[in-house]
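Residues per chain are reported as follows:
4 protein chains.
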Amino acid sequence: MNIEKFQIAEFNQSLQQSHERNFHHIAENINGLPEILQKLQDFQVAIPSWALGTGGTRFGRFSGGGEPRNIEEKITDVGLLHALNRSSGSISLHIPWDIPENAAAIKALAAQHDIRFDAVNSNTFQDQPGQAHSYKFGSLHHTDKAVRKQAIEHNIEVIRYGVELGSNALSLWLADGSCFPGQLNFRGAFKHTLDSLQEIYAALPSDWKLWIEYKAYEPNFYSTTIGDWGQSLLFANKLGPKAQTLVDLGHHLPNANIEQIVSLLLMEGKLAGFHFNDSKYGDDDLTVGSINPYQLFLIFNELIEGMDARSMNHATDLGWMIDASHNVKDPLEDLLQSVEAIMIAYAQALLVDTKALQAAQQDNDAVAAQEILQHAYRTDVRPLIAQARLLSGGVLEPVYFYRKLKVREGLIKERGLKTVATGL
Amino acid sequence: MNIEKFQIAEFNQSLQQSHERNFHHIAENINGLPEILQKLQDFQVAIPSWALGTGGTRFGRFSGGGEPRNIEEKITDVGLLHALNRSSGSISLHIPWDIPENAAAIKALAAQHDIRFDAVNSNTFQDQPGQAHSYKFGSLHHTDKAVRKQAIEHNIEVIRYGVELGSNALSLWLADGSCFPGQLNFRGAFKHTLDSLQEIYAALPSDWKLWIEYKAYEPNFYSTTIGDWGQSLLFANKLGPKAQTLVDLGHHLPNANIEQIVSLLLMEGKLAGFHFNDSKYGDDDLTVGSINPYQLFLIFNELIEGMDARSMNHATDLGWMIDASHNVKDPLEDLLQSVEAIMIAYAQALLVDTKALQAAQQDNDAVAAQEILQHAYRTDVRPLIAQARLLSGGVLEPVYFYRKLKVREGLIKERGLKTVATGL
Amino acid sequence: MNIEKFQIAEFNQSLQQSHERNFHHIAENINGLPEILQKLQDFQVAIPSWALGTGGTRFGRFSGGGEPRNIEEKITDVGLLHALNRSSGSISLHIPWDIPENAAAIKALAAQHDIRFDAVNSNTFQDQPGQAHSYKFGSLHHTDKAVRKQAIEHNIEVIRYGVELGSNALSLWLADGSCFPGQLNFRGAFKHTLDSLQEIYAALPSDWKLWIEYKAYEPNFYSTTIGDWGQSLLFANKLGPKAQTLVDLGHHLPNANIEQIVSLLLMEGKLAGFHFNDSKYGDDDLTVGSINPYQLFLIFNELIEGMDARSMNHATDLGWMIDASHNVKDPLEDLLQSVEAIMIAYAQALLVDTKALQAAQQDNDAVAAQEILQHAYRTDVRPLIAQARLLSGGVLEPVYFYRKLKVREGLIKERGLKTVATGL
Amino acid sequence: MNIEKFQIAEFNQSLQQSHERNFHHIAENINGLPEILQKLQDFQVAIPSWALGTGGTRFGRFSGGGEPRNIEEKITDVGLLHALNRSSGSISLHIPWDIPENAAAIKALAAQHDIRFDAVNSNTFQDQPGQAHSYKFGSLHHTDKAVRKQAIEHNIEVIRYGVELGSNALSLWLADGSCFPGQLNFRGAFKHTLDSLQEIYAALPSDWKLWIEYKAYEPNFYSTTIGDWGQSLLFANKLGPKAQTLVDLGHHLPNANIEQIVSLLLMEGKLAGFHFNDSKYGDDDLTVGSINPYQLFLIFNELIEGMDARSMNHATDLGWMIDASHNVKDPLEDLLQSVEAIMIAYAQALLVDTKALQAAQQDNDAVAAQEILQHAYRTDVRPLIAQARLLSGGVLEPVYFYRKLKVREGLIKERGLKTVATGL
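Residue numbers (full-length UniProt numbering), protein chains in the order written: chain A, 1 to 424; chain B, 1 to 424; chain C, 1 to 424; chain D, 1 to 424.
To be clear, the hints were calculated from the coordinates, so they are not data collected in a lab.
Certain hints may be false.
Note: identical chains are not told apart, hence a pair may lie in one copy or across any two.
What the hints assert, rightly or not - Here are the simulated lysine-lysine pairs, DSS-like style, with alpha carbons at most 27 Å apart:
(1) Lys238 x Lys191
(2) Lys136 x Lys355
(3) Lys270 x Lys242
(4) Lys404 x Lys5
(5) Lys242 x Lys191
(6) Lys418 x Lys136
(7) Lys5 x Lys107
(8) Lys404 x Lys355
(9) Lys242 x Lys107
(10) Lys355 x Lys191
(11) Lys270 x Lys191
Bound conformation, chain A alone (with noise of 0.2 Å):
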């Protein structure tokens, strides 16, 4: 399933006149318009490997057709995605669903596809065929040394890989916690976990980064050893400065003030990056944006500010990733839709009128900063992320694309219609 170019002109030449009705519109009321088109071509969001298969709950799975069976057609299918939209040029691995054994001829399919590979995942939460012990309470927490090791040494070893395929970080989410009182010692999970994670920072090479994902409950439904920002930045200043805390929107409790949290981290030099998606109740994975996409801009509101403020590269200097889990959507018609959302959000705070919010801000005059929020917000830059695309050699209207396309019903051909993702 390959998508042509000229596929893509013949359907933009389509919508072309439309398009630039709605860009011209908008263009003539925006300052600074080409550094910012600039940054939106400049602006890509990995993909991670898992996001490519439906998803499931505790409760089922109910799977899609065409879903990609091994790495290469995970690749392929962010190729895909990145053809149509330009803004997915890269995939995030999950070992040991995605081990992958020719790293040069994957590294050869992906920069066909011009696919960068962005933080490796290392997974210590589920048990596989084989192993010698068991995570089933816990892993770099573990009160025995010998799981410990294990799970370290399998971190070591997602090390090696992503060095072969040019990864430049570890990205560590850990299940470990509890699920009754007094089960655990919060203190003794804390030390086994800092001891683990000394070992793991010591095997980076030297330009990489430890990426430690913090998540308030589940699978443990009592504690989480790395339960907050909090813990997380514990663990990140006391190993250096290669680790850094991993913001994922749905690992909070309810009500939490994520944009916040991400300004603070930003502060001290220890946001690592983003995981996106939308939830209303916990960690539900769904679409970014589908829920609630003010709070979305909020937080592209603060990540702007604070990175201008300490002069980072939008583009590079942040890690930013999807990690939704698709039950009812098609796994890459979903992933469009996020992708899509995030742009939104980031273009609407780059139209933000920063020295006015500041003028506001300094005055306390919290009219005016809605004013001035809501403004950016409220505009419709969809033809703007549009245009970015366009240049970029992207479609204007993906969603649509993909559907006229028949990419999922090629994709069934190919691959039949009963297959499961590796590691779903």
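Fit chains B, C and D to the given chain A structure using the hints.
Same frame as chain A, but now just chains B, C and D:
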């Protein structure tokens, strides 16, 4: 793995002296002791067949050993529990996980263990192999009539199985809902569900009940079609007197006052019964009483007060069932702890000085009301439960006995180390 | 402080060119534009009298200047708002904070400002000087008949005031509840409340409605006697056709799906109307649309769809009111922002392609449903609202105009710097 | 209103027999009883001066009678509590509500009642009459240097008051935050706060501590500048060894695992102490142990385990204070209940079999860990508390005694029926 009477007798003998000391201490302070002991002996909690194996989360499952491999072994496990605590005298089956191919033999086996068949549970939240239509987008609320028909027929089939076994209630939990705004027309979903329920209701034998469970979220993460007690009650009222609302402790939004809900449902004559478990975050399905035992007591306090006001029989006029999922505990030990926690809350509620409480309420004397409730709650009622168990032929300390007799080791020897219960 | 027509005309003139450019851009893409503009002009949001002064929390209040000191000045303030946005054509009074001593004069004043009297609000959550019985332990649910009687009579008195002014609904919010387990008998409280409501219901004029608001918690922190929509609906159904449920956006437990509640209440013919505000944590009473504007849109989407299905008149068949409390903003600016946010959500909901949405729902096409909803939501509808305002004689940009004319400074000159609105 | 020793003796005599029976029953089962009784006698809980009058909500206040009208009467009230329970031997003052005009006289009065002065509290969340700058938009985080300076000087003044009275800690809670997105620059607010805190820190006497409280929300409803333990710890670490984090049980997002936070703060040597209360929804400030007593026990379990691991003195090495607000109870009765609940949780935690628990934790034996914890929790420790009280000269049943002696009636006779405590 059979528990012999002499083993129980020997064990109890070893603890007899200490038990008597404790029992006599509390007994002297209690009015109406014989009646309370009788109520404790009469009270029985149904064990759901799916709680006999190790549960899991969407991130994985870590099975234990010696788990029951079929309906017969599940009944045997409940028999084991009942032999120990004499309070687990019924089982709640789940179709299609526990299809009773030979009802007569199954009934004979259950009778041997002094086990009754509680409500039967249908399953329209998973697709079974060979099923004509998928429940990916719901069952009784589905936009497609054919899917609804299939789900209705399944429920009617479950009733038939229940009739054969001597059950008298269909317990119905629907995962039907939506993951994204716009996916569902709420009114349409409600009306389809009502139509479907009416067909199922029409198929109920005259002495049967339909228990309608509600749940705020999961596995759907935007809306659930029967999402709270208000919606369940709407359905139950539209259906008729056989339909009632089932309350599961973990199926609420954060901070819900469940005891008030219970009280009002009882007032309306529409409380079907309970699914007991405990939780800190969502539907965590933890051991009953492991997180917030005071809440459990407050619920029982409302139940007893409300049932007494309607002259209901505590043991028989509501459905009492555990619905938990044991990810890190031996399932049988977990169930022993859960039943014990329920018995403790029930005993504490029986000790509440109702007249004094009513007087304090009449005077808006919140201090006295709290003293009265907490006096009952802080009383160590474990000797009462133990005494009731002793009178019924059970063991004084079930968990301790279970470990001393190495029951799990026996089950592993019989069934193997790697077993997964049907349905898990 | 009067706004003169020529001031509005001059101001609008200065923004005319830019407005027309924006309006024509959006107008070309919209079907049925005249009808939509008419609906936007017809739509009116009631202003509660207590929102015209600075609010406060239990930790203190920081008053602003020029606040209205009596009912006449409150009506003048609403008149100011309405002159600007032409969408605030009614006021909701609160007794005893706003007793209309001379109804004829008050009505004349309101008519002068083109202001109608929306629902009247009773207050049984505070003790007034000289009151015979205290509401410390509740009002309509009180264990003491004398307290209930006093509260019933107060409500009937409020109806009388409302009749004189031309109101046609009594809006009733009860703080009644309990702070501690055991303090209250839930059934007793429900029954007392029902008895009390029946007496009030009997006193309603034939064309009046009784709006029953619910709230999960605060100022009581254990239980609230009308705590959720299910309880409010129970009361409304037991009372009769004049009784309906009023929804306040901030009165729910965390993560509640309010749009589903709205849809079901509409389906049952029992939705009275809305108290608009926004919140992040609890009943924060923030500016409408300041925290989660997409949720507001989703609610309007259900309202429009549900009202259209019952052929209801958007403007007149439900009660639309703001209920916010402005702690750090100029109250009038805040209300202008709130009304604007409501109009935006309403306009976006009017743009939803209902037929396409229904088709997507029928097909369980969550991707398409989201595209359809978000297309309407992402459309910048501000030029539509501005145009409707222009057609009605209002100003293009109310907040900007308000500041440019230094309205607050004028009010301070008239009323003084240290004023506290009655009731605050 | 003085309690005479003979009154206590007579009262205790009347309950002696029953108490002895209960005490001996539990005493036989406990190892190290004398040491436990000594610890219970040594443990003292500070009473905040503002908890001695009836609290209120933003919706109103319903005062009780006989409330203390000045600092002297507040000390007298704490003296009353301490005479009864011998566990309330200190008071925490709040400036400017309780300015000690004559420190020597105040100290003499306190000494007479055997009362110590715990941490002093500053107040920058309300404006006082005649204050130069308003705290409407915050204090230590304010964008205006003059406001920050005023707030810094107030805190330094509070330290001076504390020094005179023999206090040795400044307890600081900031309401600083924002109500709307955009209102505040988070980094700017953090940095301003840090600068301000550094000035206050510099003014601390050498043996003093600075306790930094955090709170998730209220009275600000979008962000709080010291919003969670992670932020408080960041400040405390940047300030130095005298700065520590204070935990208030009601200041968290829903479902937070407070016991884990406590454990980690202790591990880092940064736990200052506790503000005890209970809550169901937010910062409800209810009686300690009235909603979730098991959580209180779990927190004490972590405290004792963590303090013992660092060889800390339970009674003196952390700050223990109640921070509640009594809206519907007699404040003194409420405080007696709160102190009793704290003593019960402490006693239960002392009974935990630490060695067995550690062994269960090492084995990941969640069932055994729960049995161990719940065995201690289910033990009726009230006779232990009563015995400790008896040994210290207190009364066996404080609430009962308080009512029997008609203490409130006496206070009303002395002070009048309509009194409002200063600061309320």
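Hints versus structure:
1. For the homomeric pair Lys238 and Lys191, the shortest alpha-carbon distances inside one copy (11 Å) and between copies (22 Å) are both at most 27 Å.
2. In this assembly of identical chains, Lys136 and Lys355 lie within 27 Å of each other by CA distance solely across copies; the values are 23 Å between and 52 Å within a copy.
3. In this homomeric assembly, Lys270 and Lys242 come within 27 Å of each other (Cα to Cα) both inside a single copy, at 9 Å, and across copies, at 25 Å.
4. For the identical chains of this complex, Lys404 and Lys5 are intra-copy neighbours only, at 15 Å inside a copy versus 54 Å across copies, given an alpha-carbon limit of 27 Å.
5. In this homomeric assembly, Lys242 and Lys191 come within 27 Å of each other (Cα to Cα) both inside a single copy, at 19 Å, and across copies, at 24 Å.
6. Taking identical chains as interchangeable, the C-alpha atoms of Lys418 and Lys136 lie at most 27 Å apart only when they sit on different chains, with a minimum of 15 Å there against 30 Å within one chain.
7. Proximity of Lys5 to Lys107 under the C-alpha cut-off of 27 Å is restricted to the intra-copy arrangement: shortest distance 23 Å within a copy versus 68 Å between copies.
8. Taking the shortest Cα distances, Lys404 and Lys355 sit within 27 Å of each other only across copies (20 Å), while inside one copy they are farther apart (44 Å).
9. With identical chains, the CA atoms of Lys242 and Lys107 are at most 27 Å apart within one copy only, with a shortest distance of 25 Å there and 54 Å across copies.
10. For the homomeric pair Lys355 and Lys191, the shortest alpha-carbon distance between copies (19 Å) is at most 27 Å, but the shortest distance inside one copy (45 Å) is not.
11. In this assembly of identical chains, the alpha carbons of Lys270 and Lys191 lie at most 27 Å apart whether taken from the same copy (21 Å) or from different copies (16 Å).
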